[in-house]
Amino acid sequence: MIISVASGKGGTGKTTVATNMAVALQGDIQLLDCDVEEPNAHLFIRPQMDAALTVATPVPEVDMDKCTLCGKCGEICQFKAIVVLGKTVLPFPELCHSCGGCMHVCPEKAITETDRELGLIEHGRRNAIEFIHGKLRVGEAMSPPLIRRVRGYTRNGALTIIDAPPGTSCPVIAAMRGADFVLMVTEPTPFGLHDLKLAVGAVRKLGIPCGLVINRADLGDDRVRDYAREEGLPILMEIPFDRRIAEAYSRGELIVKALPEWRSRFQDLHQQIQARVAGAPAAD
Amino acid sequence: MKELVVISGKGGTGKTSLVAAFASIVSNKVVCDADVDAADLHLIMNPSVRERHDFDSGHTAIIDPDRCTQCGLCRDLCRWEAIGEDFVVDPIACEGCGVCYYVCPEKAIDFPLNTCGEWYLSDTRFGPMAYAMLGIAEENSGKLVTLIRQEGKKLAEVHRFDLLLTDGPPGIGCPVIASLGGATAVLIVAEPTVSGRHDMERVAELASFFKIPAMLCINKYDLNPEEGDVIETYARRKGVGVLGRIPFDPNFTHAMVQGQTIVEYDAESAGARAVRRIWDRVAGRLAV
Chain A
1 MIISVASGKG GTGKTTVATN MAVALQGDIQ LLDCDVEEPN AHLFIRPQMD
51 AALTVATPVP EVDMDKCTLC GKCGEICQFK AIVVLGKTVL PFPELCHSCG
101 GCMHVCPEKA ITETDRELGL IEHGRRNAIE FIHGKLRVGE AMSPPLIRRV
151 RGYTRNGALT IIDAPPGTSC PVIAAMRGAD FVLMVTEPTP FGLHDLKLAV
201 GAVRKLGIPC GLVINRADLG DDRVRDYARE EGLPILMEIP FDRRIAEAYS
251 RGELIVKALP EWRSRFQDLH QQIQARVAGA PAAD
Chain Z
1 MKELVVISGK GGTGKTSLVA AFASIVSNKV VCDADVDAAD LHLIMNPSVR
51 ERHDFDSGHT AIIDPDRCTQ CGLCRDLCRW EAIGEDFVVD PIACEGCGVC
101 YYVCPEKAID FPLNTCGEWY LSDTRFGPMA YAMLGIAEEN SGKLVTLIRQ
151 EGKKLAEVHR FDLLLTDGPP GIGCPVIASL GGATAVLIVA EPTVSGRHDM
201 ERVAELASFF KIPAMLCINK YDLNPEEGDV IETYARRKGV GVLGRIPFDP
251 NFTHAMVQGQ TIVEYDAESA GARAVRRIWD RVAGRLAV
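Going down the list, the sequences are from chains A and Z. 1 is the number of the first residue of the first sequence in our numbering; add one for each residue after it. 1 is the number of the first residue of the second sequence in our numbering; add one for each residue after it.
Hints may be right or wrong, so weigh each one.
Said to hold, decoys possible - The list that follows gives simulated cross-link-like pairs (lysine-lysine, DSS-like), each with its CA atoms no further than 27 angstroms apart:
(1) Z:K211 - A:K80
(2) A:K205 - Z:K143
(3) Z:K153 - Z:K211
Since the hints were made in silico from the structure, they are not lab data. Quick caveat: nothing in here was measured; it's all calculated off a predicted structure.
So that you can see chain A by itself, here it is in the shape it has in the complex:
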């Protein structure tokens, strides 16, 4: 089963929920940190890393001895990542989406592919948890291809928990697509509610069942709860604002370690998700 932990708004507690749930559970568990722009889960899980892999995406390279400057490559490219300029062809690798179109249409077979580094994937363990995260190279714009590579580590039969990036556009979609359940972590503030609505819209487009965790549940107002009721979104957990939780978080400590009574609450959260996935009609 794949559970993706998402939020819309940043800083609502995705990483807190994903890491604590992973540590509270037993069995074959994977934690995939797909917030590759700002991965934080490792700071709490502190895995023993055992492998690191540099990940790249293919970008075009032009053999000017074969090129006849016909311009077909520039014509097909939707991203202005390759242009014929005077007597040369200029690829802009940082704009390239790696579709391979230029290489395919080149009648002279003058284009081959080389690598643009996207970032790093690290793999490790903490007890029963298999941990994988991606780290986008600073200066690299495109996170979805790296997110997809991190998700490539998903094993059938394991419980895979994904820590998704904030927002509602392509990186989040890459981190939610194909999940069995999306757990939405929100806060009961106007910003939290506004971004939650956007994120729920995205989850519904993907046809995935979802439920809410309300963090800092006692700061703010009731509008998130009203919205959840109107939309039929189950509230699966509430975490109050507790300075002990905030301070433990600030030091990189898990709630289930600092306040052990939370272990069973995160187990209960997982059970509720399992029941909902088992009872949910198959997503198309």
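Put chain Z on the given structure of chain A with help from the hints.
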């Protein structure tokens, strides 16, 4: 024209609350919300929209079943697994690269331009504001960020203001990179946590990569002063201007619930006083 872009790396550190508070104490400026993925600034600024525009960008492939012979060339070449066995394109998976559209021997594929968001020019109680909202699950957020910053600048020129105050997106990827190009300086809002430190370091590195001068303030400083000190020390070593600290102040949330800035909600709160102090230092450094 000077532009200050407020960024954070980590989400939820208080960028938008801070930009709104700045907006309520600074005159002769235009405010711009460049967090187009999850735009929230308007919830406090309560803008009256004067102009609304569609944001058209990118294309999506659509296969016409009447013309398609199911030869399979498009499926072979599509690197996004966006074309199903039934030759229907999944619009969410489609990258808009156009490879299928160009290669289809039957010309059975349409490739229409997408409307993937909206942008607005507006008036607020704190002056003009430009903001944009990307459609749900849409792409091209970087392009919309670039566009809305340009529109913000134009708006400032029309009003003869020489300051643009931009609320940036979280992260270090495409939309953040788009929010940095040509900025006078960035102000990084960090929180004193191990995550906050990790993310602040990456976003400071990004600003340095693009040679944009960076400044730092720490929000909720008293949550973990030791961690705050570590972040400030790192910043000084990297040439990032350390401007000050904002205490954890629930008035930020109370103000937000009322649709106000913290300065409006309680001008003498610890949070509001810290914001004014930090703005004075920002203004000094930007010479505005």
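Hints, verified against the model:
1. Z:K211 - A:K80: holds, 24 angstroms
2. A:K205 - Z:K143: holds, 23 angstroms
3. Z:K153 - Z:K211: holds, 21 angstroms
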